[in-house]
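Engineer: So the sequences go chain by chain: A and B. When we follow the numbering used here, the leftmost residue of the first sequence carries the number 1, and every step to the right adds one. When we follow the numbering used here, the leftmost residue of the second sequence carries the number 1001, and every step to the right adds one.
Don't take every hint at face value.
Derived Cβ-Cβ restraints for the label pairs, each shown as a range [as the list claims (entries may be wrong)]:
| hint | chain 1 | residue 1 | chain 2 | residue 2 | range |
| --- | --- | --- | --- | --- | --- |
| 1 | B | Trp1053 | A | Ala260 | 28 to 36 Å |
| 2 | A | Leu453 | B | Val1044 | 37 to 45 Å |
| 3 | B | Arg1143 | A | Gly142 | 50 to 58 Å |
Think of the hints as simulated: they come from the structure by calculation, not from any bench. Fair warning: this is a prediction, and the values are worked out from it, not measured in the lab. The beta carbon of each residue, even a glycine, is placed where N, CA and C say it ideally should be.
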Amino acid sequence: MTADGQFAGPALPPGAAPGTTGHPDDEWLRVHPASPFVRGWVALAAITFFFGRDLFERTLQGQPVFEDGFARRAPWLLGGGAAVLAVAVLGFVLTWYFTKYQVSGGYVRVNTGLLFRQHRQARLDRVQAIDIVQPLLARVLGLAELKFEVADAGESAVRLAYLRIDDARQLRATILSRASGAAAASGAGPTAGADAAAPPGPGNPSASFGPPAPEAPEIKVLSVPPSRLLGSLLLSEQSVFIVVGGVASVVLSALTDNRAFYFYLVPAALGLIAGYWNFFNKGYNFTAAVSPDGIRLRYGLLDTQAQTLPPGRIQAVKIAQPPLWRPLGWYRMQVNVAGYGASGSAAEGNTRTILLPVGRFADVMAMLSLVLPDPGTDQPEAVFTAGLGGRDSGGGFTTTPRRARLLAPLAWRRNGFAATDTALLIRSGRWWRELVLVPHQRTQSLALHQGPLARRFRVADLVLHTTAGPVAPRLTQAGLDEARQLFDEQSARARLARKRQTTEQWLRQVVPAGEPTPLPVGPEPGPTPGGAGTTEGHTHYQQEGQQHG
Amino acid sequence: MHTEAIDPPGIAWQRVSTKYITVRLVEWALANIATVLVLSAPLVFVLLGWWRWPPLWLAVTVPAATLLIALWRLVLIPRQVRALGYAERDDDLLVRSGIFFQRTMAVPYGRMQYVDIAVGPVERGLGLCTVKLHTASPGTNARIPGLPAAEGARLREQLAARGEARLAGL
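Based on the sequences and whatever the hints tell you, model everything.
Structural biologist: Listed below in C-alpha cells is the structure:
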C-alpha cells in the first residue's frame, strides 16, 4: 500500500474550518478521517450484501436465522469476524494516522506507512498536471481526491485521498500559485531567482508565504452539450461494428436456421452498453476553461473529475476526425502530458488525455488557442483549416511527392507537414483525418526512417519523439530532400525554442515570444482573466500574466 | 538498388569497432542455432518413423526456411555493423543505423535525462561497451553498441557535460 503511493491522505483535524488555510507552512496535515472507508466501501458493501441477503431470505421463508448446528458455533464465528474487522479498521486508522502531507518551500511532501515508511517529496515547479477526482460516494460526502502529476509516466507522484472538496481546491490553488512562481515572486522580491529549488527553511522567502493563494479566476471557453456527446457515441466506429455484427448475425441465423447466433448478441450487447455508458459517464458535461493556472477541464456524470494543465505542459496534440463525423464537422482532440503516461490504467488514461471529446471547428480553434497561444503564423485559421481538411499545398503544407503516390494512393495528397514559428503540424489520412501538433520546444528527439520500398520512391518518414501518450507524431512519406531539410531545420528550431524557455515556473518565463500563456489569443479572444483580482498576490499574478500575453 | 543514404550530407560519422561483429555473431549463434535445432526435431522424428504428422515436406520446409533466413541475417551482420555510426554535433548527437531500413536519429544534449553504459559478457571479453541515451520519451531508442570501453567512457562524460550545459526542462 505504501509503495504505490496510495495512502490515506491528508486532512484536517475534524472540525477545522476549510480555511485550512491559516496553517503555517511547515505544519503536517492529514487526510480526512473518513477516507479509508470511502475507499474500502466496495468491500464493505459486498459483505453487507451477501450476509444481508442471506438473512433477508431466511427471514422471508420463516426459517430460523441460524441453523442449529450453526447457532452453536455462531459466537466463535462472530467473535472471529469482529476480530478481523477490528484489525482491518485498526489498520485503516493507523494508515490514516501515519499519512501526513505538507506543502512548503517549493516542495510537496507525503509521509506514509507504519512499518515500511515512505517519505516522498516532489518539486512544485515540476508539476505537470493536477487533477481533482470525485468518485460518486466521495462526492456525496463532499470529499475529493487530489492527484499531483510529475513527469514520471507511471503512477501519480502524490495522491491525497480524500480531502474535503474545499480543501482540495484550496490546496490546488496553493500548489499552482507556488509552482507558477507567483507566490515566490510576490513574497520574495529580487532574491528569489528563477530557481524554485531553493532549499526550504527559514531562509527561504517562499516558506514564509503566509496567506493561502486565492483560486485563480477562470473563463469558460467551451462546453460539450450532452446531445452532441450522445451523437458522437452513436456515430463512432464502435456503432458501425455493432450494426455490421448485428446484421451478420441475423443473416447467418436466417441462412443456417440456427438461432444460436442470437445468443451471442446478448453478452456483446451488454459489453457495448457498458462501454457506451463509460464514455457517456466520463464525457458528460465536459467543460473547458482557462485561468492563469492553465487549462481546466471538468467532466463526469456520476464520478466527476477536474483537471488542471498548467501552461506549456502539453507535449503534443492530435485532432482527429473519423469519416462518420465529417458531415457534422466534429473533431476529437487528444494530448500527451508527461504526468499522465501512456495510459496508466487503460480507462483512466484514456479519458485523462482527452482534451475535447467532440467539438466543432470553432471549439477546436478555441482549444488550440489555449494549447498554442502563439501559433507562430500570421494566418492561424488558414493553416489549421488546411491541416484539418485541406489537401495538397494549401496553407503552406508540403505533401508526399507525386512520384510516391503508389505508396499511399488515397492519402498522398493529405500526408504532409507545415512548420510555423512555434510548432510543427503533421497531417495525414484521407478518410480518418488527423492533424498532429508538436510545439518546437517540446520535441525530445527526432529520427528519419527509410525502408527499401520508400528508398525506391525517394521518400522518408520523420518521427518526432514526445512523452508517452496517445499521440505518436510521425510524418509519413515525405520527399527525401524535404524530410532531410526538415530534420535539420527542426533540430535548429527545437534548440532555439528550448533556449527561450528558461524556467519551469510559467509566470516567470522571461521570454515573451513563443511561450504558452494562459491568455487566449486568436479566434477566441475572450476577456482577459484579469479584472477580478482583489488580493495583492493575485494582482501580481495578473500583471505577470499580461506581460506575456 | 539505389542506396542513397538518408542522413544529412556533410557529416563525419564515427564508426563503431569492427570487433562488435564478433558480439553480433555470438548473439546470432545463440539465437538461431537453437531455433533451427528445435525446429528440426520434427524432421528427425518423422524420418525415424516415430511421428506420422507433420508430412515430410512440411517438416523439411520449416527448418530449411528458418535456416535460410538465419544465414541471410548472418551475411548481413558485417554490413549492419559497418552502417552503425554516431556524430557529435554542437547541439545534438546523431545516431544512425541500418542498410535496408535506415534510421538517423538526433538527440539534443539538453534533452538527455541520463546515459547508460552496459557491458555484456562477450563485450567485456572484447573490451567493448554499449552506450544508451534516454530522454523523457520512450520513443528515443538511441543505442550505440560496440564502442571501445575508453571511447564509451569518454562519450558518456562528454554527453553528461554537454547535457548539463544545455539542460532544458521537459
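Engineer: Run every hint past the structure and note whether it holds.
Structural biologist: Hints and how they fare:
Checked against the hint of 28 to 36 Å, the C-beta distance between Trp1053/B and Ala260/A comes to roughly 32 Å, which is consistent with it. In this structure the hint that Leu453/A and Val1044/B lie 37 to 45 Å apart at CB holds, the actual value being about 39 Å. Evaluation of the 50 to 58 Å hint for Arg1143/B and Gly142/A yields a pass: the beta carbon distance comes to about 52 Å.
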